[in-house]
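6 protein chains.
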Amino acid sequence: MVDVTNKPVVYREATASGEIVLRPETVRRIREGLVEKGNVEAVASVAAIMAAKDSSKIIPLAHPIPITGVDVSFDYTENSVRLRVTVKTKAETGVEMDALAGVMAGLLAIWDMVKAYEKDEKGQYPVTAIRNVVVESKFKGEA
Amino acid sequence: MVDVTNKPVVYREATASGEIVLRPETVRRIREGLVEKGNVEAVASVAAIMAAKDSSKIIPLAHPIPITGVDVSFDYTENSVRLRVTVKTKAETGVEMDALAGVMAGLLAIWDMVKAYEKDEKGQYPVTAIRNVVVESKFKGEA
Amino acid sequence: MVDVTNKPVVYREATASGEIVLRPETVRRIREGLVEKGNVEAVASVAAIMAAKDSSKIIPLAHPIPITGVDVSFDYTENSVRLRVTVKTKAETGVEMDALAGVMAGLLAIWDMVKAYEKDEKGQYPVTAIRNVVVESKFKGEA
Amino acid sequence: MVDVTNKPVVYREATASGEIVLRPETVRRIREGLVEKGNVEAVASVAAIMAAKDSSKIIPLAHPIPITGVDVSFDYTENSVRLRVTVKTKAETGVEMDALAGVMAGLLAIWDMVKAYEKDEKGQYPVTAIRNVVVESKFKGEA
Amino acid sequence: MVDVTNKPVVYREATASGEIVLRPETVRRIREGLVEKGNVEAVASVAAIMAAKDSSKIIPLAHPIPITGVDVSFDYTENSVRLRVTVKTKAETGVEMDALAGVMAGLLAIWDMVKAYEKDEKGQYPVTAIRNVVVESKFKGEA
Amino acid sequence: MVDVTNKPVVYREATASGEIVLRPETVRRIREGLVEKGNVEAVASVAAIMAAKDSSKIIPLAHPIPITGVDVSFDYTENSVRLRVTVKTKAETGVEMDALAGVMAGLLAIWDMVKAYEKDEKGQYPVTAIRNVVVESKFKGEA
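Residue numbers (my numbering), protein chains in the order written: chain P, 16 to 158; chain H, 16 to 158; chain A, 16 to 158; chain C, 16 to 158; chain V, 16 to 158; chain X, 16 to 158.
Be a bit skeptical, because a hint or two may be false.
Same chains, same names: a pair is fine if it fits in one copy or spans any two.
[Said to hold, decoys possible] Calculated cross-link-like contacts (lysine-lysine; reagent style BS3-like; alpha-carbon spacing at most 30 Å): (1) 155 <-> 134; (2) 52 <-> 153; (3) 22 <-> 134; (4) 105 <-> 130.
Calculated directly from the structure, the hints in this document are not laboratory data.
Using the sequences and the hints, build the whole thing.
Right, here's the structure in full:
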């Protein structure tokens, strides 16, 4: 694990986002609150926040960082949901991996909640896909 | 959490895969073993296996499943790495979420290991992206 | 840890519940969806489900049990919320501790979300309390 | 998750406590060291300390806080045990949720260790209950 | 991770043990209950049990195994403590790694509790060492 | 848990090491990359780093410490592998337990990967042992 001991503890922020492609009918269900497994945005937000907090367990060589803030938001198109996660901290190293871990876990939580609507009659997923997972921006404060 | 108590315990297998887009120079470094943080395939494989085992912690409403096998493999193009994870078990419910969690963690582990080669002079990631994360196939044995 | 190796694997179910006492104004906020930190029922449900799945980490001598179902529900009085958790499995030992862990985590999640409305001007909690946490019933199927 | 990035890092302390109601015979067993599963105070203390350290995993929207001290103590009446947990840190936000998580896990650990003495002939718990879980006090140092 | 899907689910048991070398004065403190941090055997037992349950998180390629019993015992010489852990399950694969993980965590818990008595005036550990960690026996039942 | 709240946050470093005794044939396989389960050094390094990060979960009374660097190295004799772990941080308390947890997990990961070559025809381990696990040095910077 890279030694960051001597890097300055400064304000750091990173925003990552990613998209899950779904059947239009599934997107409608999410937006109208008709997913039987529960409130999709709430559960995906929790998944994102918990993964951002736990990213040093999910990513083997990532540093443990005491995160001080996480924001989660959702955008919709007819056939996709975009999840955006912003992570904030004061630490020796950046938090883009923590933001990405949040995005990934949040998107997986969405997938998990809508499995029943996405599978075809053979139990396969012809439509569902995660794509365009990126770090939108990183910011590092002055020492 | 959906009640699967009365579903039969049968053989179940799922294969998921996903792709990380990188600079060609970074892909070369991975293939030639020139990544300073270590052996990328080995670390990404461990990340994938551990996340597949731990998926019910990462995905809030997923069932805990005693996984009995995980395979991880890598394919390369000039500017991307595709990670494929197959999970096997005998259980009441399918393991596609476990395979997807493995893919996600493995791709994040790759990203984390090559950060230094992917960032531009402003610390941003103009190239790096995860895309095309899908469930390739699911299989369910006879009861 | 007690040896349960030779106990039969049978259907097991347990329901636990517990109550958090809150200011009436806070209960109203929860019911009307006016809690700034988010959807209280959704977050508390996730906390309960995750703790029920993870109870063998929280309770040192508890057996790890592959839970197959969790139900969470909420009841309100003017100044309290009752959380009820039912856990189901097929296993060698009962799941009342898993249900209790779910109740505890769910009630703590509620407390955490409404801290701002419960604290007095000195930052203390003159009203908030958890009480009446019980195992309502256990059921064990035939071998 | 609430943004606490700009709050001052100051000394913070919180004491929480809670009570488990037991059969008088069970309380006697605990006090006389006659519980077959082991030393109840020692195991409950470990459970409390570990949950206080891990509270940001148990409580979805809680901040991860690097705890610097935990004290655990026990008081007895004829038919109950009261567990008190004090958590100390230097951090941006308070530690009452961490103290509460410690109390909850400690009380569950007690329950788990005395199950055999508390169950009736039908496997139910007519007596056992957790009650009066409160934050006794919070303290915040000067910036 | 090795595929064990098709191995039979049979009774499996493994016993591992290991030794921590300590100053004679420290061993006396442990045996006489004079360690300020608490009851050493109780805390080490909990550490051993929890690590045995969690070994698939500690050991990257180990299978998750639903453990059904753990026994922990202690033997003393003038300048050492031997910790022995027996793990039992019904599973597709053996539990010696789980027993070893229990031994390791238990010995580390002992070390942690007696640090103050083992360090010299420069804060170093001239005496303390863990040695002779072995799998004493494995047993596999009939299919 | 010992109160370290008022100890100064200074640079701290600890190096621990330990040895696993193996059949000479197994040591050769590791060095020549002929272990079927994968790259032994890479997997053991990841295990060591993750356990060092997670030591406050493995060791009940250890403080959570935000580690800022971990180095792992390997030395070989004809019939043994020595694993050395150095942990760095800026914190109120030392990191020797974190380094020891890393050593232990790394050695267990090695054992797990070479089980097939170490077991005799009865499934026992007549040769394999962990020994000589020590804290080589601790260093504490000026306040």
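Comparing the hints with the structure gives:
1. 155 <-> 134: between (43 Å within a copy, 14 Å between copies)
2. 52 <-> 153: For residue 52 and residue 153, the Cα distance is within 30 Å only across copies (21 Å; inside one copy 34 Å).
3. 22 <-> 134: Between. Shortest inter-copy distance 18 Å satisfies the 30 Å Cα cut-off; intra-copy 48 Å does not.
4. 105 <-> 130: between (38 Å within a copy, 20 Å between copies)
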